[in-house]
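Visitor: In this note's numbering, the protein residues as written are 686 to 818.
A few of these clues could be false.
As the list claims (entries may be wrong) - In silico DSS-like cross-links for lysine-lysine, where the CA-CA straight-line distance does not exceed 27 angstroms:
| hint | residue 1 | residue 2 |
| --- | --- | --- |
| 1 | Lys714 | Lys800 |
| 2 | Lys736 | Lys714 |
| 3 | Lys736 | Lys774 |
| 4 | Lys774 | Lys800 |
| 5 | Lys736 | Lys800 |
What the hints assert, rightly or not - Here are the simulated distance ranges between beta carbons:
| hint | residue 1 | residue 2 | range |
| --- | --- | --- | --- |
| 6 | Gln782 | Ile808 | 26 to 36 angstroms |
| 7 | Pro738 | Ala771 | 33 to 43 angstroms |
| 8 | Lys736 | Arg812 | 30 to 40 angstroms |
Just so you know, the hints here were simulated from the structure itself, not pulled from any lab data.
Treat the numbers as computed from the prediction; the structure is a model and nothing was measured.
Note that beta-carbon positions come from the ideal geometry of N, C-alpha and C, so glycine has one too.
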Amino acid sequence: MGYFSAFLFLVAGTPMPGVEGFWLTDDRKGVVQIAPCGEHICGRIVRVLDKGPGVPATDINNPDPHLRGQPIVGLLTLSGFNRDGAVWKGGRAYDPQSGRSYRATLGLNPDGSLKVTGCVLFICQSRRWTRAR
């Protein structure tokens, strides 16, 4: 009985891994930093890796014309996430390539990668991000 209690203490005392940190997007075009922002978790683009011709430096696809001059670096792409067990829910994901926002959830895969799932109505699509080094 003593070993079982010690095991439970160790498991309960071990914090669950979080989504905070630097993540390489699935298309390998950018790095997003996920960190607390107020009472939520948010993500900002901190680096653009694909700087070839035709890659905009500003948010030219934003549906709001007043926001199209915002730099891509520093752009808020994930917002409003709250932890619910092993997933982060209630957030929004903004895709600067399309200018669209989606309901989204975040979760860690068993291999340590990040599962970013965006939904429109009942249609959802997931992407796999890896920790940036």
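Visitor: Hint by hint, say whether it matches the structure.
Guide: Cross-check of the supplied hints:
no.	hint	result
1	Lys714 with Lys800	17 angstroms, holds
2	Lys736 with Lys714	9 angstroms, holds
3	Lys736 with Lys774	32 angstroms, violated
4	Lys774 with Lys800	12 angstroms, holds
5	Lys736 with Lys800	25 angstroms, holds
6	Gln782 with Ile808: 26 to 36 angstroms	18 angstroms, violated
7	Pro738 with Ala771: 33 to 43 angstroms	41 angstroms, holds
8	Lys736 with Arg812: 30 to 40 angstroms	21 angstroms, violated
Figure legend: structure checked against the earlier numbered hints; hints not met, in rising order: 3, 6 and 8.
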